[in-house]
Amino acid sequence: MSEFEPKIIAFVCNWCTYAGADLTGTSRMKYAHNVRVIRTPCTGRIDYMLILKAFSAGADGVIVSGCHPGDCHYTSGNYHARRRWMVFRSLLDFLGIDVERVRFAWVSAAEGAKWAEVVNTTVADIRRLGPYTEYQNLIGRGVERSFQV
Amino acid sequence: MAETVRRTSGQTVVNDMEALRQRARELLDAGTVQVIIGYANGSNRRVRPFFARRPEDLERLILDDRCVLNLAVYLRKPEVKALGKAAVIATPPLLRSILQLAAENHYQESEAVFLALDSAGNVLELSSAEQIAGVLGSLPGSTGQDACVPSADRMPALSAGSTDRQARFAFWKQEFERCIRCYACRAACPMCYCEQCLVDSNQPQWIPVAAHSIGNLEWHISRAMHLAGRCVNCGACSEACPAGIPLNLVNQFLADRIQQEFGQKAGTSAKLDYALSVFSGSDRETFIK
Amino acid sequence: MSRIGVFVCHCGENIGATVDCAQVAQMSSSIPGVVHSVDYKYMCSDPGQTLIKEAVKEKKLTGVVVAACSPRMHEPTFRRACAEAGLNSFLCEMANIREHCSWVHEKGDQTTQKAADLVRVLVEKVKRNRPLRPIQVPVTKTALVLGGGIAGIQASLDIANAGQKVILVEKDPSIGGHMAQLSETFPTLDCSQCILTPRMVEVAQHPNITLLSYSELESLDGFIGNFKARIRKKARKVDEKLCTGCAVCTQKCPQKKIPSKFNAGLGMRTAIFVPFPQAVPNKPVIDIENCRYFKTGKCAVCQKLCPAKAVRFEQEDEILEIDVGAVVCATGFDVVNTDFFPEYGYGKYPDVINGLQYERLASASGPTLGEIRRPSDGKIPETVVFLACAGSRDRAKGIDYCSKICCMYTAKHAMLYRHKVHSGKAYVFYMDIRAGGKMYDEFVRRAIEEDGAIYVRGRVSRIYERDGKLIVKGADTLLGGEPIEIKADMVVLATAAVASPAAEELAQKLHISYDSYKFFSEAHPKLRPVETNTAGIFLAGACQAPKDIPESVAQASGAASKVCGLFSQDQLSREPLIAAVNRTAPPQYSSCTGCFLCESVCPYRAIERETITTRGGKPIRTIARVNPGLCQGCGTCVAVCRVKAIDLDGFSNSQLYAEVRALA
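Order-wise, the sequence lines are chains W, Y and A. This note's numbering numbers the first residue of the first sequence as 1 and each following residue consecutively. This note's numbering numbers the first residue of the second sequence as 1001 and each following residue consecutively. This note's numbering numbers the first residue of the third sequence as 2001 and each following residue consecutively.
If we strip away everything but chain W, and leave its shape as in the complex, we get:
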């Protein structure tokens, strides 16, 4: 049987982490292929529902990353996001959802190496934790199909 390849969905802000991940690329640093990045304008935009939707789309892990506190392009979006994650993460933990599978990070536009490190450690952590079958078992077959426009 082939090794378990975790599926990781990342929500990043446009100004810091997306640009930081661009820098990882221009620096030609290699990292695990498992991550799929979804671009948002700001961590403030990242609705907690998106994290739930990522899990219900079968993700084994989720990365949420944006500008460091004080560096938000929109001055305060990441501070609002931080508070939201503090509350949301403790709620998930209270309900027994594995919060180790949600990796929150601050990666600036200058931290190309850090982005590679964030992805690699997350992939390694999720590999260790294994597939998130506990959650995926909740998903009934055919319950939620991607809809067409």
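The reader is advised that the hints may include incorrect statements.
[Unchecked claim] Facing chain W, according to a computed beta carbon distance under 7 Å, are these residues of chain A, among others:
no., residue
1, His2074
2, Glu2099
3, His2105
4, Gln2110
5, Ser2513
6, Ser2600
7, Val2601
8, Gly2629
9, Gly2633
10, Cys2634
11, Gly2635
12, Thr2636
13, Ala2639
14, Val2660
15, Ala2664
In short, the hints are calculated from the structure, not lab data. Values in this document were obtained by computation on a predicted structure and should not be read as measured data. The C-beta atom is built at its ideal place from N, Cα and C for all residues, glycine as well.
With chain W fixed as given, assemble chains Y and A onto it according to the hints.
Positioned in the frame of chain W, the structure of chains Y and A alone reads:
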């Protein structure tokens, strides 16, 4: 499921009922209000909300420890508004929700009159958020711990100090699987005043509507997030739930967290900032790396 | 039904070497809604763009996904190409399969699979894009300049000379700032006032400049091109229009012993005063804290003696509301005082002074008329010790940065002292000499070699008084840390330059960011040094970081040219990726519940309250509305809206939802 739900406090206050009725009668007679909203006996020894529009109806008003449903939900209903100005038989949880509603621009000054009993059995007539905030702390049963909680044997996974994540997951999975998505929790909650609930919006359909595991979990997570920093712990959601899911535990957990982390407690002031729409540069966490 | 075209770029070998582009194109063709899918060597090249344009026309595409480099690189290129082919440019998206895929992974199926996934995500997104038009906003062609120091003066003059209106606001009674306090300026030793005062006069007389001295910004609302400033014009208690500046009042005022801020506390002024003789405007101000009339109700000497009858005790602060299109913030800096240093006597020795005080001693217009006399007894000091880096580059003091100007002005101070007191000894303690700048190092060398300043590399650990002398104890680190003790008559501390105390409050009023030292942050440390992150607000001078005069002037001219660039057009064009509150049919009108949580999260105060009324004007309900001029599109409001009544174009709920579902 009902027997697994017990109340931690609940002083019976029937003795002072006559004083309440008397004041309500005066308000109706003077035309200050057109309807008294309170509780009355329903079928099967249950309590139901009661709308008294004539003085003779007032005899049916009751107030005891079964009166948990939060009457604040009726204040925003157009059918009730159509009856005229209301006086509401008020318990401390109801008054807390009024303060929170005022903080969210959903209770206007003097929109209604609240009749509450103080510890000496005197009837207090409250109308403004300021008056409510002033007396709330001194009312009997106002400690905020008067919501229903499930018995300890049913929730070992939640007992203090439990580090067993999987047990917690199993517990809530089992609880939420019983949810039939009747939305009684939403209907009973004074803070659920949105005309179009997230679950009813379908572009996109954030939360699947059918009652199955994933949809139920997402619904209850969403509801908890929407009430985070706003729930006043009246317990009406758990009381209303036909499946007996201890919903208010989730809300109360978050309320406690928010009070610990940010020092904000819903239902204490009409000037309260919503904990999730403000921030502090000194917010501290250890998980963002 | 969507008709999406997918264009996969090889970027030569950059993508093609690790990703099987043909396979990505082939896999993309089976995504529902995709009607056209090709790969090509260089999509951004002319033939590549032609490929896209032709496909848009021939296949009647309703959306385009270019799978290539980062959208931060070529999104404008491909959006323009689409627009040229008649497709709204906002219906083009890019899948980043280079920076986020081919460059960071090894060649293999998994890398190709990832590229295909990224394309699928963007296809699902672009299906939900809608055509948008850039937002046009009008520009008010008046600039507000905050701060009348050299930076503010330069910015005002440059903007005014370009033919635009300027409102210059200065908190003090006169413009001039710190530069007006300086004696002579490095590296040329020309007199500061001689080069500054003509500029000050030019400001006062310029037809395009309105000078509001003794005024402060109360609040700033609005957005680029359309700010509304409220300015508090503090009561001078003197009618500026009537006052002729004859100075009878300042001569006759009986309250004479008030330390003068302009003279850094070394000289005295009266209660009704003009800060310095060349002040602009040359109109006095009554300091009501110290005025005998305001304290006791008796006196009014100035009022009785004023030949122009200009004294107005009853005058009140005035609030002016002004529309401006751009703001230049040039509010300057401050230096820490000697009492900041316990090891140097907490400021209790009168002859331990800071650099600004020394400037006043050395200035011909200063309290000693330019003679170096020590404050305690007025004697000419025989030995003066200058300490560079007093507080700067000192973690223990919480000031990690270099104040930048001290090396140069300390050399100047030593030089001036030696010029004025030929027999005197000038010691300079320094950490490093930072004299980068045109003619700067030569200047320091001159101080050492020609003017005989004695430079000692080392820190001073203590200063204390003994037998009428200040004992300066330090170490010479170039001589292996040998202890040194100098008996000095006066010590000058080159105290750290810090942000002005009101900087934080001002930054909050302006909605601009600031660093941990409360210096204002530029939009980009290298490429956008005069802009802030708030569009339409620019920085000049030492409010951003310690700077010398030439740098402040250069930045001020830079800010002025940014303002003129902005004012060169009548309409501003802005990206339309902004939030909006939905509107629905009656009786709901909107799913917004009017909880206004969005209002408090919005960093730009872009959320307004809108009351929906019946035709007769009866209010039905109050809901949120986004001011499209203010919204910058961060989307924080969207995430807090419980009912999803507010949405963000370009990153809408349905787009992000579909993007996640595309990965299911």
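Do the hints match the structure? See the list:
Because the closest C-beta pair between His2074(A) and chain W is about 12 Å apart, greater than 7 Å, the hint is violated. Taking 7 Å as the C-beta contact cut-off toward chain W, the hint placing Glu2099(A) at the interface holds, the least distance being around 3 Å. Checking His2105(A) against chain W: minimum C-beta separation of about 5 Å stays under 7 Å; hint holds. Interface restraint check for Gln2110(A): the shortest CB-CB distance to chain W comes to about 5 Å, inside 7 Å, so the restraint holds.
For Ser2513(A), the suggested interface contact is upheld, since its CB lies about 6 Å from the closest CB of chain W, less than 7 Å. Hint on Ser2600(A) is violated. Least Cβ distance to chain W is approximately 10 Å, over the 7 Å limit. A hinted interface residue such as Val2601(A) counts as satisfied when its beta carbon comes closer than 7 Å to some beta carbon of chain W; here the least separation is about 5 Å, so the hint holds. The interface hint given for Gly2629(A) is broken, as the beta carbon of that residue sits about 16 Å from the closest beta carbon of chain W, more than 7 Å.
The beta carbon of Gly2633(A) is positioned within 7 Å of a beta carbon in chain W (closest approach about 6 Å), and the interface hint is therefore held. Look at Cys2634(A): its Cβ gets to within about 4 Å of chain W, closer than 7 Å, so that hint holds up. Because the beta carbon of Gly2635(A) sits about 3 Å from the nearest beta carbon in chain W, less than 7 Å, this interface hint is met. With a least beta-carbon distance of about 3 Å to chain W, the hint placing Thr2636(A) at the interface is held under the 7 Å criterion.
Given hint, Ala2639(A) at the interface with chain W, holds; its Cβ is 4 Å from that chain's nearest Cβ, closer than 7 Å. Evaluation of the Val2660(A) hint against chain W yields a held restraint, the C-beta minimum of about 5 Å falling below 7 Å. Using the Cβ-Cβ criterion of 7 Å, the hint placing Ala2664(A) at the interface with chain W is satisfied: the shortest such distance is roughly 4 Å.
Violated hints, in rising order: 1, 6 and 8; the structure is consistent with all others.
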